Amino acid sequence: MTAIRLALRLGQWGLIGFAIVGFIATFINAVAFYAVAGHTQAEREAFAKSFSQIAAQLTVLLPPAMRLDTVGGYVQYRAYGSLVIVFSIWALASASGAARGNEERGLVEVILASGLSRVRALAAHVAAFAIASFVAALAASAGLMVGAIAGQESFPIGPAIEAAVLLAAIAVSCYSLVLLVAQLVAPRMATGIAGAVLLALFLLNSLSRTFDSLHTLRWLSPFRYYELSTPLPPGGNFDVTATLVLVGIAIVAGGLAALAFQKRDLGSALFALRASARPPTYEPSRALVWRIPIVRDVYDRRLGLATWAVGVSAIAALFVVLTKTIVQPLLSIPGLAAYFAAILHGPIYQSFLSSLWFGVAQLLMAGFAITQVGRWSAEDTDGRLDLILSNPVSRTRVVVERALVLALGALIIAAVSGVAVGLESHYQSIDLDGGRLAQASLMLVPFTLVFAAVGALLAARLPRATVGILGIFAFASYLMLQIGPLFKLPDWVQNLSAFKLYGQPLTEGIDRTGLAIMLAIVLVGFWTSAIVMQRRDVGA
Amino acid sequence: MPVAAIQTSKLSKDYGLGHGLFDLDLTVSPQEVFGFLGPNGAGKSTAIRCLMGMIRPTFGSAHIFGLDCLRDSVAVKRKVGYMPGDMPQFGSLRGREVVAYLGGLRGTIDPALVQKIAERFDLDLGRRFREYSSGNKKKLGIVLAFMHKPDLLILDEPTGGLDPLNQQEFYRLVNETREAGATIFLSSHILSEVEHVCDRVGIIRSGRLVKVAELDEIHRFHVHRMELEFAPGTEIPEAAIRSAAGVEDVVVEDSKVTCTVKGTFEPLLKALNGATVTNLASHEPSLEEVFLTYYRPDAPTEAIAR
Numbered sequence: 017m018t019a020i021r022l023a024l025r026l027g028q029w030g031l032i033g034f035a036i037v038g039f040i041a042t043f044i045n046a047v048a049f050y051a052v053a054g055h056t057q058a059e060r061e062a063f064a065k066s067f068s069q070i071a072a073q074l075t076v077l078l079p080p081a082m083r084l085d086t087v088g089g090y091v092q093y094r095a096y097g098s099l100v101i102v103f104s105i106w107a108l109a110s111a112s113g114a115a116r117g118n119e120e121r122g123l124v125e126v127i128l129a130s131g132l133s134r135v136r137a138l139a140a141h142v143a144a145f146a147i148a149s150f151v152a153a154l155a156a157s158a159g160l161m162v163g164a165i166a167g168q169e170s171f172p173i174g175p176a177i178e179a180a181v182l183l184a185a186i187a188v189s190c191y192s193l194v195l196l197v198a199q200l201v202a203p204r205m206a207t208g209i210a211g212a213v214l215l216a217l218f219l220l221n222s223l224s225r226t227f228d229s230l231h232t233l234r235w236l237s238p239f240r241y242y243e244l245s246t247p248l249p250p251g252g253n254f255d256v257t258a259t260l261v262l263v264g265i266a267i268v269a270g271g272l273a274a275l276a277f278q279k280r281d282l283g284s285a286l287f288a289l290r291a292s293a294r295p296p297t298y299e300p301s302r303a304l305v306w307r308i309p310i311v312r313d314v315y316d317r318r319l320g321l322a323t324w325a326v327g328v329s330a331i332a333a334l335f336v337v338l339t340k341t342i343v344q345p346l347l348s349i350p351g352l353a354a355y356f357a358a359i360l361h362g363p364i365y366q367s368f369l370s371s372l373w374f375g376v377a378q379l380l381m382a383g384f385a386i387t388q389v390g391r392w393s394a395e396d397t398d399g400r401l402d403l404i405l406s407n408p409v410s411r412t413r414v415v416v417e418r419a420l421v422l423a424l425g426a427l428i429i430a431a432v433s434g435v436a437v438g439l440e441s442h443y444q445s446i447d448l449d450g451g452r453l454a455q456a457s458l459m460l461v462p463f464t465l466v467f468a469a470v471g472a473l474l475a476a477r478l479p480r481a482t483v484g485i486l487g488i489f490a491f492a493s494y495l496m497l498q499i500g501p502l503f504k505l506p507d508w509v510q511n512l513s514a515f516k517l518y519g520q521p522l523t524e525g526i527d528r529t530g531l532a533i534m535l536a537i538v539l540v541g542f543w544t545s546a547i548v549m550q551r552r553d554v555g556a
Numbered sequence: 004m005p006v007a008a009i010q011t012s013k014l015s016k017d018y019g020l021g022h023g024l025f026d027l028d029l030t031v032s033p034q035e036v037f038g039f040l041g042p043n044g045a046g047k048s049t050a051i052r053c054l055m056g057m058i059r060p061t062f063g064s065a066h067i068f069g070l071d072c073l074r075d076s077v078a079v080k081r082k083v084g085y086m087p088g089d090m091p092q093f094g095s096l097r098g099r100e101v102v103a104y105l106g107g108l109r110g111t112i113d114p115a116l117v118q119k120i121a122e123r124f125d126l127d128l129g130r131r132f133r134e135y136s137s138g139n140k141k142k143l144g145i146v147l148a149f150m151h152k153p154d155l156l157i158l159d160e161p162t163g164g165l166d167p168l169n170q171q172e173f174y175r176l177v178n179e180t181r182e183a184g185a186t187i188f189l190s191s192h193i194l195s196e197v198e199h200v201c202d203r204v205g206i207i208r209s210g211r212l213v214k215v216a217e218l219d220e221i222h223r224f225h226v227h228r229m230e231l232e233f234a235p236g237t238e239i240p241e242a243a244i245r246s247a248a249g250v251e252d253v254v255v256e257d258s259k260v261t262c263t264v265k266g267t268f269e270p271l272l273k274a275l276n277g278a279t280v281t282n283l284a285s286h287e288p289s290l291e292e293v294f295l296t297y298y299r300p301d302a303p304t305e306a307i308a309r
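Protein chains in written order, with this note's numbering: chain A, 17 to 556; chain B, 4 to 309.
These are computed hints drawn from the structure, not numbers from a lab.
Since the structure is predicted, the reported quantities are computational estimates derived from the model, not experimental observations.
Treat the hints with care, as some may be off.
Among the chain B residues that face chain A by a calculated CB cut under 10 Å, a handful are [claimed, not checked]: (1) S95; (2) I120; (3) D127; (4) L147.
Stretches of chain B that chain A covers, calculated by requiring three or more beta carbons in the stretch to come under 8 Å of a beta carbon on chain A [stated by the list, open to error]: (5) 51–64; (6) 108–118.
Glycine is no exception: its CB is placed at the ideal position from the N, C-alpha and C atoms.
Same shape as in the complex, but just chain A (with noise of 0.2 Å):
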């Protein structure tokens, strides 16, 4: 029970910090219901269809939609959707962490040390997730009928615990996959590893509802098995024997990574390369590289920054592959032809592409912007900065540094990605303006700083709850840009978000006054954590 409580202690923040993302994002999509839906059920059917058919569109991403007309069906689709991949990402930031950042910082060595054997240490971090997403899940459902409430309804209590089991099983099976494959690999490709294969699990289920092909392989996905219940909607069901097979799949991949990790050494992968015998090396690397600013830390990212390019770019090809998949059956259904003229503008694959693809793009680009700040508050709290700043260098100048090395590293993804976007159009035939391609992929740019500017005044203030503080704006910004015009918000609270800002530029152009405000909050951002971080002592 220590251990499980010490693994709770370690992962606390994760819990509050999920617990609220689960419930904002199920009590706001509650509300957007009854605020969208009409209040006569005529209204909400007519609703109903009308979404019914574009989600049934999207079904090559998303899971397919049901009774759209209640709060039920609704917040299935438009907040577990999303929730099942933000709980799948906290599953790999946590177990990563559990796997190999504790190691890396010794606390593994000490638990070991106490006379914690391996296999109970481990099983202590996954009872302790599975506690803690269970919580954060209920924390959703709560949302969801503190909703209902609003909306002068009730939900009742029963679907919403199996939502919040679901959930939860969803999560601790990724959780022990994630463990699984960090005791395979060496520690620094532990991360960038298993949530490449998380990825590939998630997509493998998705693209097998479109492409028949996957059909077979799909029981492969814990995915699979979580979209086989729908419990929220009136009518939906809660498959057991699926959840069991996810807490199976937890149990066994847990099983199997305990048994990796009681037979490698710690710090090392099971399956790792013996170093080739070499002679001891005396000199300093000669590489030019190093002695060139911006240059040197970008080099020292190269790992990450070439995985999130080759990421981001896969993505956006796959994006632009699905294009016509899901547009052209869209535009044969007349009543949203009429829609999309309506809100559409340009040629349609163009502005299909600006809507989804650069909206995702945005997304991934925020998540780009967080991990770099995080570095920086690592960098703060284990001493980097410190022995940085024991070199005839100012605290300007480390600032200033770090806001052009992420401009580098933002640039070289939003350039590889729009350059695979343009060569994957060119290959499906889809005609896309090179200049607007080009303007809506270096808006990436000054959209990744805005966070980045956030993130460097609270990582000068407050280094150690950067991420989280960062990850929450990052979520309200971009539920700003959802219930904006759901509720008919004034422009200028629909402008505090960055996602808002960005505009619409590969249908449009550039949205200077949007542009505009980017640059200003990027350098005022800046500017003011350059004092802030004179004034702060480091490492404190």
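Based on the hints, put chain B in the right spot on chain A.
Then chain B, alone, in the frame of chain A:
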């Protein structure tokens, strides 16, 4: 008169609840090796972090070669080589890349000197940082601090984790560096380390500097461990010995008495009152014993300041 290598005036960093550093007045001369001695939590690292401009003092000032440690921090760091108490994580970077990275920040390093120091400590710079043992991480810290031939070295507990052979090598490196004209300020809680290399020692306790002394002066502290052996059948004047001024830790075992004497021997000799002593031995205290005698938590601060 040459400008002091380090000069602090009422340097204070108050963390509340009595923690921190208070009213540190210290002068370290050029080409001096100064030991900053104190147990964990005494305020050594706080003082060093103030000197390095990492933290802002609540009160007072610190100067290095006449430059203000905060206002002129960049200029200060051109003159300083720093070794933190704990090396930060550099993950999968190789040792030679860490050297090149931090050397690149500094602008100039001497690759030949890096190679010389690395060879001296047998530090393989081709290995990844995460593969280094704690001793090797310390060695890398030494390379980073010394690699640009700084005028002043500020070293926070530099030998923790080094094996005795490498400790000896480190002491030789410190002596050579001093002879080459550099000043060295090192903190430690290992008294023998200070004995090995320092010209002067400052002892810090609960955030306050309680004594600055030449090494010889510390050795001359009047603390002696005495062993007295009485002739068989002699009645040992135990009560008188125990009550003698400056006599402590009295242990009587058969005809032998051991005790600690602070100050002069006169009260002890008077307490013997003519009893026949067949053997009397006095051990010169090591710095460790001096420190432990004066540095017990219950000892008044003034005791060592006398």
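Hint by hint, here is what the structure shows:
1. Satisfaction of the interface hint for S95 (chain B) is found here, the shortest Cβ-Cβ separation to chain A being roughly 5 Å, below the 10 Å cut-off.
2. Hint status for I120 (chain B) relative to chain A: holds, with the closest Cβ pair at about 9 Å, below 10 Å.
3. Interface restraint check for D127 (chain B): the shortest CB-CB distance to chain A comes to about 4 Å, inside 10 Å, so the restraint holds.
4. With its C-beta approaching chain A no nearer than about 7 Å, L147 (chain B) sits inside the 10 Å limit, and its interface hint holds.
5. Look at the region 51–64 of chain B against chain A: 6 of its residues bring a Cβ nearer than 8 Å to a Cβ of that chain, three or more, so the hint holds.
6. With a cut-off of 8 Å between beta carbons, the region 108–118 of chain B has 7 residues touching chain A; three or more are needed, and the interface restraint holds.
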